[in-house]
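Protein chains: 2
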Amino acid sequence: MEGIEERGVKEVDYLAEERAGAQFHVHSMKIFLAGGQHEYEVSTRIANLVANDPVFAKEDRARISRKELYKNSLKKAGHAWKIILEKGLTEEESMRMRAFIDEPNYTDLHWGMFITALKGQATEEQQHKWLRQAYKLAIIGCYAQTELGHGSNVQGLETTATFDPSTDEFVLNSPTLTSTKWWPGGLGKASTHALVYARLITDSQDYGVHAFIAQIRSLDDHIPLPNVTVGDIGVKFGNGGYNSMDNGLLRFDHVRIPRENMLMKLARVTEQGKYERSNKPRQLGYGAMVYIRQGIVAEASVYLSRAVTIAVRYSAVRRQFGGKDDKAEVQVIDYRTQQHRLFPLLATAYAYRIVGFWMKWLYADVTERLNNNDFSNLPEVHACTAGLKSITTSVTADGIEQCRKLCGGHGYLCASGLPELYAAYVPACTYEGDNTILLLQVARFLLKTLTQVASGTKPVGTAAYLGNVQHLTSVNCEVSQGKDWLNPSVLLEAFEARSARMAVACAMHVAEAPDSELAFEELSPELVEAARAHCQLIVVSKFIEQAQKDLPGEGVKQQLEVLCNLYALSLLTTHSSDFLATGYLTGTQVSHAKDQQKALFSCVRPNAVALVDAFDHTDHYLGSALGRYDGDVYTHLYKGAWKDPLNESVVTEGYHEYLRPVLTQQLWGPTSKL
Amino acid sequence: MEGIEERGVKEVDYLAEERAGAQFHVHSMKIFLAGGQHEYEVSTRIANLVANDPVFAKEDRARISRKELYKNSLKKAGHAWKIILEKGLTEEESMRMRAFIDEPNYTDLHWGMFITALKGQATEEQQHKWLRQAYKLAIIGCYAQTELGHGSNVQGLETTATFDPSTDEFVLNSPTLTSTKWWPGGLGKASTHALVYARLITDSQDYGVHAFIAQIRSLDDHIPLPNVTVGDIGVKFGNGGYNSMDNGLLRFDHVRIPRENMLMKLARVTEQGKYERSNKPRQLGYGAMVYIRQGIVAEASVYLSRAVTIAVRYSAVRRQFGGKDDKAEVQVIDYRTQQHRLFPLLATAYAYRIVGFWMKWLYADVTERLNNNDFSNLPEVHACTAGLKSITTSVTADGIEQCRKLCGGHGYLCASGLPELYAAYVPACTYEGDNTILLLQVARFLLKTLTQVASGTKPVGTAAYLGNVQHLTSVNCEVSQGKDWLNPSVLLEAFEARSARMAVACAMHVAEAPDSELAFEELSPELVEAARAHCQLIVVSKFIEQAQKDLPGEGVKQQLEVLCNLYALSLLTTHSSDFLATGYLTGTQVSHAKDQQKALFSCVRPNAVALVDAFDHTDHYLGSALGRYDGDVYTHLYKGAWKDPLNESVVTEGYHEYLRPVLTQQLWGPTSKL
Ligand SMILES: Cc1cc2nc3c(=O)[nH]c(=O)nc-3n(C[C@H](O)[C@H](O)[C@H](O)COP(=O)(O)OP(=O)(O)OC[C@H]3O[C@@H](n4cnc5c(N)ncnc54)[C@H](O)[C@@H]3O)c2cc1C
Ligand SMILES: Cc1cc2nc3c(=O)[nH]c(=O)nc-3n(C[C@H](O)[C@H](O)[C@H](O)COP(=O)(O)OP(=O)(O)OC[C@H]3O[C@@H](n4cnc5c(N)ncnc54)[C@H](O)[C@@H]3O)c2cc1C
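For the protein sequence lines, the chains are A and B, in the order given.
For the first sequence, my numbering begins at 96 and goes up steadily by one.
For the second sequence, my numbering begins at 96 and goes up steadily by one.
No lab work stands behind these hints, which were simulated from the structure alone.
Some hints could be false.
When chains are identical, the list treats them as one kind, so a pair holds in a single copy or across two.
Listed next, the in silico BS3-like pairs over lysine-lysine satisfying Cα-Cα at most 25 angstroms (straight line) [claimed, not checked]:
| id | residue 1 | residue 2 |
| --- | --- | --- |
| 1 | K543 | K419 |
| 2 | K369 | K224 |
| 3 | K170 | K738 |
| 4 | K543 | K553 |
Sequences are here, hints too, so could you generate the full structure?
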């Protein structure tokens with residue numbers, strides 16, 4: 096095989112040159128993006144541990160059958176657990192390890208949902224009993240809420256748990272086809288236990304949905320318990336991707352569980368079958384919700400930055416057109432159209448990282464408030480975390496596909512790493528709350544806040560700007576030249592004014608309508624847009640806050656300023672109609688923003704490769720021939736191709752049966768199997 | 096298994112009710128969408144033939160290994176060929192059959208590119224020799240243009256064909272790694288011949304890229320010929336999808352082919368090695384290009400309508416929330432947010448069907464002109480077909496994913512049919528021209544046209560409105576209430592004004608710049624937007640033309656009017672910043688458009704299911720549990736799940752090796768394989 100050197104151009108050197116041109120201290124940026132020196136050290140150590148362990152290889156994931164894939168993921172999960180125990184890894188280290196292994200499996204739901212829910216909803220006694228088992232993986236739990244017929248509408252679940260005082264048991268039952276539990280991860284083939292959400296019925300009264308622990312498989316031989324029907328729900332989007340997970344189905348035919356298996360922190364049923372609420376505030380669950388959602392935002396940044404890393408590096412290696420008079424062809428990263436689609440995503444990956452840090456703080460803050468029985472800001476926290484979950488996952492999913500398309504034909508190969516990244520990530524738009532429904536919840540909060548503002552209540556936190564609604568709905572933007580757009584307070588005011596105006600317009604519509612529920616429904620597309628604008632404002636404001644802080648490392652602060660401005664201006668130009676419609680901006684001001692955006696592209700360009708290097712993804716984690724650190728793209732595409740099963744034989748399987756008869760026109764001959 | 100009847104709601108009846116409520120004659124719409132009575136009859140007959148033949152079953156496609164998938168697709172291709180010969184199917188019938196089989200395979204490139212290119216570029220003598228073989232599939236050809244290093248930039252291809260007068264042969268060679276042919280469909284494992292694009296070198300001079308026929312595999316035993324390296328390039332995006340195709344790689348190590356294997360219609364090399372152009376006009380190739388692109392636009396409509404059919408039917412079956420006081424829950428198709436995302440796509444599927452019809456006419460027109468040596472409108476035709484290819488494929492790919500997300504969690508299952516539809520379709524954004532690069536070509540045409548207009552030339556065809564540029568850049572919209580937006584000439588003017596203004600703004604920028612090439616590059620993001628606006632105008636104008644025609648069938652014309660208005664207003668509200676920025680529209684006028692759009696949603700709602708029925712996709716073709724004609728969604732999701740390979744054994748493979756050791760804490764015991 097000829098080396099690419101023969102082209103007279105060493106691609107492997109391109110990235111070295113790119114790196115040499117960076118205008119900031121990359122290592123300092125790495126530490127910033129990792130969240131600190133300690134986090135950086137842990138991440139680096141664990142990422143390398145995973146990358147160097149052959150059990151965690153993932154190259155062939157897109158090629159193998161579902162069965163092999165699944166079996167292999169069981170192996171990886173077990174192997175990881177063994178390392179965790181052997182090396183005595185901390186919780187932080189263990190979580191990093193699961194992330195770097197980069198393959199969904201039953202332990203995700205066990206640790207992420209089963210244990211989290213037990214902590215939130217089980218009494219201390221129950222926690223003592225179940226968590227002990229769960230912490231050592233002596234039982235494997237899953238989170239069985241969604242049914243065939245109901246996902247978003249949890250209150251519509253149909254599974255029943257009917258109390259039988261004669262035996263002090265609940266009888267779990269799946270009365271209809273649509274009551275079949277459907278989707279829980281880890282349920283299909285791995286879990287021994289399920290946290291089952293079911294309608295609690297006692298004394299012939301339906302008390303609505305509650306959580307119950309049900310054992311579903313034998314701890315001796317893993318065979319499903321009597322009257323339990325359980326299995327996998329089938330193949331999901333993409334090769335590899337989420338198919339290493341056994342999302343499952345589950346039916347109960349009058350299965351009995353002890354009364355104590357109901358999680359009783361917030362409500363309980365007595366031996367006599369009396370339903371009693373506890374005096375614990377129901378808001379206690381909010382902490383867990385903020386925790387899970389900050390994880391989702393942090394993960395969005397990880398996924399988006401992986402895709403952006405691949406696309407930026409490949410765009411710097413890839414050359415196409417130009418190249419007259421013995422000059423090398425143009426690196427596609429130099430095309431403005433490429434920059435226009437790629438650099439805003441790079442800025443977004445930084446933005447989401449920063450919001451992720453802020454949400455970590457928010458979680459700590461909420462936890463402290465809850466401990467002090469201070470529930471005052473919960474609606475605001477709920478709205479902002481729901482909204483941020485929605486916009487970060489939608490933008491990330493679309494952004495990964497955008498990055499894939501930016502790699503031209505080669506992006507369509509699984510060897511690029513991008514198809515699998517997308518397929519594995521995109522359900523984040525659906526699980527933990529459908530993204531549209533979440534934005535409608537944010538919209539409800541905005542309307543409520545405006546009503547409260549009207550009656551004199553001061554809004555708090557991320558909604559505080561609505562206290563300024565008078566000003567924001569009357570002022571107009573004062574930008575008169577491109578550079579004005581680099582002023583943080585100009586940007587902030589623009590996003591506040593836009594969001595406030597959209598919310599106010601909706602609120603007025605709803606207020607004027609005779610039936611406000613009907614009006615809300617009628618206006619829901621606009622409400623979704625208003626909610627999105629509010630959430631984008633949150634991200635912009637957190638990015639601006641961060642960019643104004645001093646940071647160690649030459650040039651680090653400057654890069655963040657550039658990316659912050661680019662992020663804000665990209666949003667502004669993409670959504671310019673929102674700003675134009677109310678006259679806050681003029682067409683000329685939008686033009687200035689576009690010009691300024693291009694000037695920022697030129698600032699980003701020499702730093703682009705270094706800015707993605709700062710995310711510090713290992714080649715193993717990226718799993719991409721196009722995104723390799725060394726830029727040696729073509730060699731690895733070429734070598735990788737030969738590993739396809741179709742290349743195992745020179746003459747293809749099926750030639751004699753199906754190709755030869757065609758070529759020889761012997762479709763009816765004695766040898767034809769057609 | 097309990098029937099869903101037990102829920103007291105028969106989903107299977109929902110669609111019957113929906114159908115009963117339709118306000119138009121569905122059968123007439125079917126005939127319209129098929130392109131006529133004859134086409135309808137052929138489609139129906141062939142669709143059923145395919146649906147009822149067990150060889151063409153495709154349920155398990157997402158579950159099986161690449162090897163099985165590929166072998167099976169060879170079987171299907173052979174079986175289809177047998178049917179074609181046995182039944183003596185016409186070309187039209189054969190093409191419909193390949194479409195309904197719905198599985199990419201080597202015959203696509205053989206018929207679609209190899210034969211098409213031969214027809215366009217081979218001399219009559221060459222056609223006589225090669226087409227005879229190709230028509231009976233005695234040879235299998237592929238189209239080998241793209242290389243590892245060059246796709247978009249065809250002029251940069253590196254493969255060489257050096258003429259050796261001593262033997263009257265060309266020597267094909269792959270001098271570098273990046274010169275490896277990479278991507279040609281059918282090349283990997285099936286083709287016996289390749290149409291190879293290579294730099295023609297004779298007399299030490301490089302005459303640029305020309306086409307050559309090279310045999311690559313033996314016709315006796317299918318073994319690659321000496322010094323030919325050929326194989327598959329590996330797994331692509333998605334399960335099933337495009338993986339039934341053997342996109343291939345190909346390297347030549349000084350392989351000799353006869354001089355006559357160069358396609359010589361437009362240029363030839365003499366025995367003495369002299370390069371000579373023929374007197375045939377080079378524009379002759381345009382016919383083939385229009386033909387291929389009209390096929391792509393027609394296909395866009397097919398794919399988009401399949402996704403929309405699935406999402407509309409499922410949204411009518413799916414109920415979520417509401418349902419108090421014993422009322423059934425709300426059908427999710429009744430939510431405005433759902434309509435807002437779904438109905439514009441329904442209208443788009445209709446729009447693209449109509450543009451497809453128009454492009455068929457355009458092809459006939461171009462063919463006739465070419466025969467008369469009339470090349471006058473070729474630039475316009477080129478621009479409009481390139482642009483329509485670009486926007487229809489981008490919108491369709493995104494639309495399929497949108498439809499999938501509209502199905503909530505269940506859309507993520509391959510059983511929904513949508514993941515595979517997306518994965519198989521999305522490369523259409525890249526092949527036959529990267530969509531961004533195509534729009535830049537359209538932009539160049541627009542700038543040139545404006546220059547010509549300035550010097551008094553009258554623009555033709557789809558660019559004719561630019562002759563009116565004075566008016567269009569000065570007039571403002573006169574809409575004063577929602578209903579005004581239903582006036583076709585109001586809509587048309589709005590789209591013309593928008594497109595003209597965007598093009599003019601770019602043209603002025605470029606004209607003012609000292610270096611117009613540099614200015615073009617700098618302005619390329621805006622140029623892409625201007626090109627998109629121009630192409631959207633084409634679609635809107637063709638839809639308006641059609642909607643004004645009388646059509647047989649009660650209510651058919653009315654439905655098309657509604658969909659046409661919806662299509663136009665959805666584009667207008669989505670891109671409202673373009674209209675607002677120059678002051679052509681005010682914010683209030685955009686609000687009117689949004690209100691009117693909602694009124695149109697309400698017109699579409701009772702007809703939605705019938706409007707997708709009119710596309711007449713069989714259940715086989717849709718391959719979707721969610722999109723079934725009878726709406727019996729849950730039964731089929733449930734039954735389908737059990738066919739997953741993971742459900743073959745009750746206790747999962749890998750339990751003893753990888754799960755039991757974890758559960759029993761015996762990770763280091765003698766039985767642990769971890
Ligand atoms: C990969 C994956 C893993 C999962 N893991 C788990 C798990 O471990 N445990 C578990 O219990 N579940 C799990 N789920 C299920 C998941 O939580 C649900 O799919 C999700 O909540 C969405 O609900 P749905 O599917 O019912 O969507 P639906 O609510 O049916 O949504 C369908 C459409 O209707 C629209 N819609 C619905 N209601 C409204 C409304 N009121 N207003 C406007 N529009 C509306 C939605 O926007 C959407 O477009 C998983 C799902 C996936 C895809
Ligand atoms: C499924 C599939 C089937 C195919 N089948 C065949 C086949 O049968 N035969 C065959 O010969 N080929 C085939 N191809 C190859 C296909 O034609 C090329 O992939 C396509 O032309 C795009 O070229 P590229 O991959 O080189 O993209 P690139 O040109 O490398 O594009 C990469 C990025 O650079 C940008 N870019 C490049 N140049 C410019 C510019 N001048 N200005 C602005 N931006 C630019 C692009 O917009 C894109 O974002 C197939 C490809 C696929 C995915």
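A quick look at each hint next to the structure:
no.	hint	in the structure
1	K543 / K419	between (63 angstroms within a copy, 24 angstroms between copies)
2	K369 / K224	within (24 angstroms within a copy, 90 angstroms between copies)
3	K170 / K738	both (22 angstroms within a copy, 24 angstroms between copies)
4	K543 / K553	within (12 angstroms within a copy, 58 angstroms between copies)
The earlier numbered hints are all upheld by this structure, with none contradicted.
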